[in-house]
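Which chain is which? The protein sequence lines are R and H, in order.
For the first sequence, the numbering used here begins at 24 and goes up steadily by one.
For the second sequence, the numbering used here begins at 967 and goes up steadily by one.
It cannot be assumed that every hint is accurate.
[To be verified] FRET-style restraints, in silico, Cβ to Cβ:
1) Q980/H - R38/R: 42 to 50 Å
2) R96/R - H1039/H: 32 to 40 Å
3) S109/R - K1069/H: 17 to 25 Å
4) T30/R - P1045/H: 30 to 38 Å
[As the list claims (entries may be wrong)] Quick list of in silico lysine-lysine cross-link-like pairs, DSBU-like style, CA-CA up to 30 Å:
5) K80/R - K1069/H
6) K1069/H - K1021/H
7) K1034/H - K1020/H
8) K1066/H - K36/R
9) K80/R - K1066/H
10) K1073/H - K1021/H
11) K80/R - K1034/H
12) K1034/H - K1069/H
Since the hints were made in silico from the structure, they are not lab data.
Since this is a predicted model, take the numbers as computed values, not measurements.
For glycine and all other residues, C-beta sits at the position ideal for the given N, C-alpha and C.
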Amino acid sequence: KAGVTQTPRYLIKTRGQQVTLSCSPISGHRSVSWYQQTPGQGLQFLFEYFSETQRNKGNFPGRFSGRQFSNSRSEMNVSTLELGDSALYLCASSLGDSRYNEQFFGPGTRLTVL
Amino acid sequence: KNEVEQSPQNLTAQEGEFITINCSYSVGISALHWLQQHPGGGIVSLFMLSSGKKKHGRLIATINIQEKHSSLHITASHPRDSAVYICAVGGSQGNLIFGKGTKLSVKP
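The following block holds chain R by itself, in its conformation from the complex (with noise of 0.2 Å):
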């Protein structure tokens, strides 16, 4: 079975631009939370969609938002970057509620915003 997968894994951006990432999970899995990992915060949780649905949202401003098509994919977008934003941006699949499920996660998309 393939793992799951994230595109781009490597984007560099400038401040005020805006940025979409991908993430395909696991065949089967329906549910895909995304995370943010910086050096200073470590992992924080962004967001869990399951079936086309945002089930949890972190404490993110409006600017981090998401969604998840019909095949489970999912994508997020961040507008009018900042510099704070630079991470690496991990998603991660599971059978069901994130919490109560095994994580399998990605290779992450590192991000940078000069």
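Based on the hints, put chain H in the right spot on chain R.
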């Protein structure tokens, strides 16, 4: 105070040593996850547990729900065990809350 605390933050061990990493949490949880992150960023789920003890190879995870504490043990440590180990708990708002991680370095 963070909702999930890990100790120690950094750990250096000699190959073959028995290693313990601790995780304490202050929120009610549904399950606790132990994750491993190697340099380069990839994260692997090691264990998910809500009670008792689980074992996989040289790794053992235990949890005490009453004391809100979990431990990850590595027996006969090896340099390839060098990684960051992260504890995460399922929060009441339906998301995972992560500890800051324990950076383990095992010297040959």
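Hint by hint, here is what the structure shows:
no., hint, result
1, Q980/H - R38/R: 42 to 50 Å, "46 Å, holds"
2, R96/R - H1039/H: 32 to 40 Å, "38 Å, holds"
3, S109/R - K1069/H: 17 to 25 Å, "21 Å, holds"
4, T30/R - P1045/H: 30 to 38 Å, "32 Å, holds"
5, K80/R - K1069/H, "28 Å, holds"
6, K1069/H - K1021/H, "21 Å, holds"
7, K1034/H - K1020/H, "17 Å, holds"
8, K1066/H - K36/R, "27 Å, holds"
9, K80/R - K1066/H, "20 Å, holds"
10, K1073/H - K1021/H, "24 Å, holds"
11, K80/R - K1034/H, "25 Å, holds"
12, K1034/H - K1069/H, "22 Å, holds"
Hint check: no violations occur; every hint is consistent with the structure.
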